[in-house]
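> Taken in order, these protein sequences are the chains called A and B.
Letter by letter, the first sequence follows residues 244 to 333 of our numbering.
Letter by letter, the second sequence follows residues 627 to 980 of our numbering.
These are computed hints drawn from the structure, not numbers from a lab.
Keep in mind that the hints are not guaranteed to be accurate.
[Unchecked claim] With a straight-line cut-off of 27 Å between C-alpha atoms, the simulated DSSO-like cross-links for lysine-lysine are: (1) Lys660/B / Lys314/A; (2) Lys819/B / Lys660/B; (3) Lys749/B / Lys780/B; (4) Lys660/B / Lys251/A; (5) Lys641/B / Lys328/A; (6) Lys641/B / Lys693/B; (7) Lys657/B / Lys266/A; (8) Lys314/A / Lys641/B; (9) Lys693/B / Lys709/B; (10) Lys266/A / Lys873/B; (11) Lys874/B / Lys807/B; (12) Lys314/A / Lys807/B; (13) Lys807/B / Lys780/B.
[To be verified] Using C-beta positions, here's what the derived DEER-type ranges look like: (14) Lys660/B / Val270/A: 19 to 25 Å; (15) Arg678/B / Met279/A: 38 to 44 Å; (16) Ala710/B / Thr271/A: 25 to 31 Å.
[To be verified] Listing some non-contacts, in silico: residues in chain B with all C-beta distances to chain A over 12 Å: (17) Pro640; (18) Lys641; (19) Leu645; (20) Lys657; (21) Phe747; (22) Gln891; (23) Asp892; (24) Gly896; (25) Arg897.
Glycine included, each C-beta is placed from N, C-alpha and C at the ideal position.
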Amino acid sequence: MPASQDIKGIIRRVAEIIIDELKLEDVTADTFQPDMDLVDELGIDSMDLATIALVLQDEYRVTIDEDDYPKLKTIRLISEYIKEKLSVIH
Amino acid sequence: MQVNSIIISESNQPKFSDLLAHPDVKERWEKVRKYFFLRESTYDMSNRCNIRCDGCYYYEGEKQFAKEVDDVEAWRGLMRAEKARGITYVVLAGAEPSLVPELLEVCYQEMPLGSIATNGFKKIPESVGYKLHISVWGNDETSLRIRNARNLLKKQIENYENDPRAVFVYTFTRENIEEVKEVTECLVAHHCKLTFNVFSAPVGYSGNLRHDEASLRRTRQTMIELLHQYPDNILFSVYNAVAHTHKKGLHELYRCSYPRQNPSQDIGLGRSFRQYRTDLNWDRSVACCVPDTDCEDCRHYAAGSAVVTARLYRHANGLATFKSWLDYVDTYLAVWVMGYEKGENLCEDMIEPP
Numbered sequence: 244m245p246a247s248q249d250i251k252g253i254i255r256r257v258a259e260i261i262i263d264e265l266k267l268e269d270v271t272a273d274t275f276q277p278d279m280d281l282v283d284e285l286g287i288d289s290m291d292l293a294t295i296a297l298v299l300q301d302e303y304r305v306t307i308d309e310d311d312y313p314k315l316k317t318i319r320l321i322s323e324y325i326k327e328k329l330s331v332i333h
Numbered sequence: 627m628q629v630n631s632i633i634i635s636e637s638n639q640p641k642f643s644d645l646l647a648h649p650d651v652k653e654r655w656e657k658v659r660k661y662f663f664l665r666e667s668t669y670d671m672s673n674r675c676n677i678r679c680d681g682c683y684y685y686e687g688e689k690q691f692a693k694e695v696d697d698v699e700a701w702r703g704l705m706r707a708e709k710a711r712g713i714t715y716v717v718l719a720g721a722e723p724s725l726v727p728e729l730l731e732v733c734y735q736e737m738p739l740g741s742i743a744t745n746g747f748k749k750i751p752e753s754v755g756y757k758l759h760i761s762v763w764g765n766d767e768t769s770l771r772i773r774n775a776r777n778l779l780k781k782q783i784e785n786y787e788n789d790p791r792a793v794f795v796y797t798f799t800r801e802n803i804e805e806v807k808e809v810t811e812c813l814v815a816h817h818c819k820l821t822f823n824v825f826s827a828p829v830g831y832s833g834n835l836r837h838d839e840a841s842l843r844r845t846r847q848t849m850i851e852l853l854h855q856y857p858d859n860i861l862f863s864v865y866n867a868v869a870h871t872h873k874k875g876l877h878e879l880y881r882c883s884y885p886r887q888n889p890s891q892d893i894g895l896g897r898s899f900r901q902y903r904t905d906l907n908w909d910r911s912v913a914c915c916v917p918d919t920d921c922e923d924c925r926h927y928a929a930g931s932a933v934v935t936a937r938l939y940r941h942a943n944g945l946a947t948f949k950s951w952l953d954y955v956d957t958y959l960a961v962w963v964m965g966y967e968k969g970e971n972l973c974e975d976m977i978e979p980p
């Protein structure tokens, strides 16, 4: 189970997963800006995002529809999306 | 062997980590994901060709009338600009790139990953280190009839036997399904690699090459038989055969992600892909990997390489489906990337596209 399901906890966990999956070396969960545009500023593409979505699905047991990928452009937007999905489940 | 029906449809949505817990799956996933950085665009290099084929995509629509830019520095500038906007892979195509080797050289100098679609009649210099896709539409008799090219296969083999860049791309039409066996035997005898394509009609095409359901079924069966017969030479998988011979086209099955069918510019091909004409301009409304193909009929190997690969998420819905997707991506990379070696296919079952 994820450590924390409040928005701060989710943001941190999403950052950790992105760092881990994309093997980012010059950023940590503490320094990762939650509002950084992952596409424009970090250069991630659809395959990266699909991979991250699959890992997040495992972590939070929510469904991330591929039609929703374009909305998920920052860590904050991803985290808010997950939080909303979790609120429906609980 | 009868291979007429799809036998497995999965939708049990396992955890992704459970899929990756299988060592063979994990190993293949780690192998293919290293290439997720590839961002492609395509470029028409010349409006000339040294042969003229029935059903040719290039000589449909407006692109054939674009002015040719033969200034190598203009092409160098384009490649640098493409790199700057994140493109990492170029596909050099129409009408016949081998006629402008000086442009191919400058593209390769600026962008080291890419491929060239060529009819193989004129040899491309070895200094151009791209993958070469050599189009084969049947035996020499058929090539003479529908491509007006004499001894084409013989010439193609002379030019590219033992060339690690070369992949022969056999396009199945409604009329040449049986011929593939003799062509494959010939290519295998010369140690050539080949893959399969399915003729996809250009817009408005009403000729005899267009497939129907019966010819697609026969094509699928033939593809799989040959794949099992020549696994070391044929770069393909069972799922490739299923995806490209399904009665539904690629767009209906997977929803095409090229700009022509995809209004979103947020991420992926809809954001980055361009199809440049010979005048170095592009038009988003017609941009796809094989422009002027009838999207309803599109089963093109180049389209599938992007469109099927992009649907990672939906293929993670079961072990066999995910293995099939990995086979597909492994095949795509072996066909398109210099130095990438295809592994043994992980799934021999026919999986319904999710």
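> Just to be careful, I want the Cα atoms of Lys807/B and Lys780/B compared with a cutoff of 27 Å; is the pair within it?
It holds: about 16 Å lies between the C-alpha atoms, which stays within 27 Å.
> Hey, does Phe747/B actually stay past 12 Å from chain A on C-beta?
Holds, since 36 Å exceeds 12 Å.
> Taking the CB of Arg678/B and the CB of Met279/A, does the distance hold inside 38 to 44 Å?
Since Arg678/B and Met279/A have Cβ atoms about 52 Å apart, the given range 38 to 44 Å is violated.
> Does Leu645/B really sit off the interface, with its C-beta more than 12 Å from all C-beta atoms of chain A?
It is violated; Leu645/B is separated from chain A by about 9 Å at its closest Cβ, not greater than 12 Å.
> Given the proposed pairing of Lys657/B with Lys266/A, does the C-alpha separation stay at or below 27 Å?
With Cα atoms ~15 Å apart, Lys657/B and Lys266/A stay inside 27 Å; holds.
> Lys314/A and Lys641/B were given as a pair; does the straight-line alpha-carbon distance stay at or below 27 Å?
holds, 23 Å
> Sort out whether Lys780/B lies within 27 Å of Lys749/B, counting only the CA atoms.
Answer holds: Lys749/B to Lys780/B is near 13 Å, not above 27 Å.
> For Lys660/B and Val270/A, compare the CB-CB distance with the range 19 to 25 Å and indicate the outcome.
About 21 Å separates the Cβ atoms of Lys660/B and Val270/A, which means 19 to 25 Å holds.
> Checking a non-interface call: every C-beta of chain A should be farther than 12 Å from the C-beta of Pro640/B. Is that right?
Non-interface label on Pro640/B violated, nearest chain A Cβ at 10 Å vs cutoff 12 Å.
> Compute the least Cβ-Cβ separation between Lys641/B and chain A, then decide whether it is above 12 Å.
violated, 5 Å
> Hey, is Lys657/B genuinely clear of chain A, shortest beta carbon separation above 12 Å?
The claim stands: Lys657/B keeps its Cβ more than 12 Å from every Cβ of chain A (closest is about 14 Å).
> Is the Cβ of Arg897/B more than 12 Å away from each Cβ in chain A?
violated, 7 Å
Checked against the numbered hints above, the structure violates hints 4, 6, 10, 12, 15, 17, 18, 19, 22, 23, 24 and 25; every other hint is satisfied.
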